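Chains as they are written, first to last, in numbering that gives the first Met the number 0: chain A, 0 to 99; chain B, 0 to 383.
Honestly, the hints are just simulated from the structure, not real lab data.
Be a bit skeptical, because a hint or two may be false.
Example chain A residues on the side facing chain B (calculated, C-beta under 8 Å, incomplete) [stated by the list, open to error]:
no. : residue
1   : 7
2   : 43
3   : 45
4   : 47
5   : 54
6   : 58
Quick list of the computed label-pair ranges, beta carbon to beta carbon [what the hints assert, rightly or not]:
no. : chain 1 : residue 1 : chain 2 : residue 2 : range
7   : A       : 68        : B       : 106       : 46 to 54 Å
8   : B       : 342       : A       : 67        : 34 to 42 Å
9   : A       : 87        : B       : 359       : 23 to 31 Å
10  : A       : 67        : B       : 366       : 38 to 46 Å
Since we're looking at a predicted model, the values are computed, not measured.
Even for Gly, the Cβ is constructed at its ideal location relative to N, Cα and C.
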Amino acid sequence: MGLFAPTRQETVEDQRLYLDGRLREIACLDCLAKVKVKKNSEHHTAVQWTDVALGHCQEFARLSGQPGGRPVYETCSRLMASIDRAVAEGELEVGAQDGY
Amino acid sequence: MSTATTEARALDPGVAPARYARGWHCLGLADTFRDGKPHRINAFERKLVVWAGADDKLNVLDGYCRHMGGDLTQGEIKGDNIACPFHDWRWGGDGKCKEIPYARRVPMRARTQRFETAERNGQLFIWHDPEGSAADLDILPPELPDVLTDAYTDWSWHTKEINGSHCRELIDNVADMAHFYYVHFAFPTDFRNVFEGHTATQYMSSKGRPDMGQGGYGDENSTLKSVATYFGPAYMINWLEVDYKGFVTEVILINCHLPTSPSSFTLQYGISVKKPEGLDEKTVQYIAERYTESFGTGFLQDVAIWENKAPVQNPLLCEEDGPVYQLRRWYEQFYVDQAEIKPEMVDRFEFEVDTTKANEYWHAEVAENLRRRADEDAATSVEA
Ligand code: FES
Ligand SMILES: [Fe+2]
Chain A
0 MGLFAPTRQE TVEDQRLYLD GRLREIACLD CLAKVKVKKN SEHHTAVQWT DVALGHCQEF
60 ARLSGQPGGR PVYETCSRLM ASIDRAVAEG ELEVGAQDGY
Chain B
0 MSTATTEARA LDPGVAPARY ARGWHCLGLA DTFRDGKPHR INAFERKLVV WAGADDKLNV
60 LDGYCRHMGG DLTQGEIKGD NIACPFHDWR WGGDGKCKEI PYARRVPMRA RTQRFETAER
120 NGQLFIWHDP EGSAADLDIL PPELPDVLTD AYTDWSWHTK EINGSHCREL IDNVADMAHF
180 YYVHFAFPTD FRNVFEGHTA TQYMSSKGRP DMGQGGYGDE NSTLKSVATY FGPAYMINWL
240 EVDYKGFVTE VILINCHLPT SPSSFTLQYG ISVKKPEGLD EKTVQYIAER YTESFGTGFL
300 QDVAIWENKA PVQNPLLCEE DGPVYQLRRW YEQFYVDQAE IKPEMVDRFE FEVDTTKANE
360 YWHAEVAENL RRRADEDAAT SVEA
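Could you put together the complete structure from these sequences and hints?
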């Protein structure tokens, strides 16, 4: 299917590792959005949204109301605060495994 | 020995896709096609003919006449139509044969493949979809306000054929933090990606390396704030704010490509510079040319890598690398039928790279390079 099909079984496992490995579900403390997060260090963050989560986010809804629509670079500060909180409370582990 | 060992890793070259991406593809500056002649464009492993009719509208058809296969790119424009050099069948921009001068009537089935066209920011786009869907005007790249007015320099446009790589190599750059240091001679200080819908964006701040003294990203006197967004599979707008010794210039860089085969593509890039206020036209042109040159150099730096690297379907990543796998997952949406697009290919994904450790190491390396060079200079001046 689609783009560059892997020729090795190991590649499929790599794809799983890099795409889904260690993603933890984090709930926003201010809305109903639930996203998946991975954090390798204090500065590194990966956030996987879903359509449903995006629909719940008030901050994004507000940004979408602006003239010109929601700028794609804007992130939700409330969600970011929720992630920081999850780290502080030990719910979200920070650190890479074997370099990723 | 109790040291854990792992097997040597193999590179998975993958199997290249059997189709070309769905989406808007830029053919170049629109006006270059308005010279009263038909133009040939190679794309998607075929030949296309581009022409502007008497009505000034730009049209794109498959390059071969459906009568006996004449090469329409060698034909002639007659009125609004393209006339085949072989037997003068006249084809309209809607793909229909409008006239066969020597025949009583045109066969009903005389219809060829056309590509829907659009013009944006002075550039010509065509919609390509192996499924044959209608062009999606909602996902055309955005209008750039003020570009093509007096506030910006005219597009400086360049074309380069790349052989020996699939165009995906070019896309991978979006998520590649570390190559900016090694290939483009700059310290990437901040690096972030957002993929959402049909767009993939890279946010980067960088500062030139003082040990290379090259143009482009690698000038030690310049810092750069860059936002680069792919709108669909083949067209990127890069908004750049270049601070050169405190003098800030806004530059818009277009980076687009047309795949020509599974292992080649035509790279096109264009630059328009916001004219700094208070400068005369000559100085403004000079500045624009310098930026054109230096970003052109930047592309050539990438090309040298692409032409020699192996295709890798299973890149091995470290913590400081960007989200290559997620980027490729995003890119895949353009290679599957529209009904096969999975949510995760288009769902919003944010990724911020931690560049702390990398920049610590790079600054130390550069300091060492500068020290070594100073020693060498001192030695030569003693000899002299
Ligand atoms: S092949 Fe084109 S007119 Fe005959
Ligand atoms: Fe690059």
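Is the hinted range of 23 to 31 Å satisfied by the C-beta distance from residue 87/A to residue 359/B?
Distance hint for residue 87/A, residue 359/B holds at roughly 26 Å.
Do the beta carbons of residue 342/B and residue 67/A sit within 34 to 42 Å of each other?
26 Å, violated
Can the hint on residue 54/A be confirmed by a CB-to-CB distance to chain B that is less than 8 Å?
11 Å, violated
Per-residue hint verdict: residue 43/A, partner chain B, C-beta under 8 Å:
4 Å, holds
Taking the least C-beta to C-beta distance, is residue 58/A closer than 8 Å to chain B?
13 Å, violated
Holds or violated: the 46 to 54 Å window for the beta-carbon distance between residue 68/A and residue 106/B?
Roughly 48 Å apart at Cβ, these two residues keep to the hinted range, so it holds.
Status of the residue 7/A interface restraint (C-beta, 8 Å, chain B)
Because about 5 Å separates residue 7/A from the closest Cβ in chain B, which is inside the 8 Å limit, the hint holds.
Would the hint on residue 45/A be counted as holding, given a Cβ-Cβ threshold of 8 Å to chain B?
Interface hint status for residue 45/A: holds (5 Å vs cutoff 8 Å).
Could you check the hint for me, namely that residue 67/A and residue 366/B are 38 to 46 Å apart, CB to CB?
Given range 38 to 46 Å: holds, Cβ gap about 44 Å.
If you take the shortest Cβ to Cβ gap from residue 47/A to chain B, is it below 8 Å?
Holds: closest Cβ of chain B sits about 5 Å from residue 47/A, inside 8 Å.
The structure is inconsistent with the numbered hints 5, 6, 8, although it conforms to all the rest.
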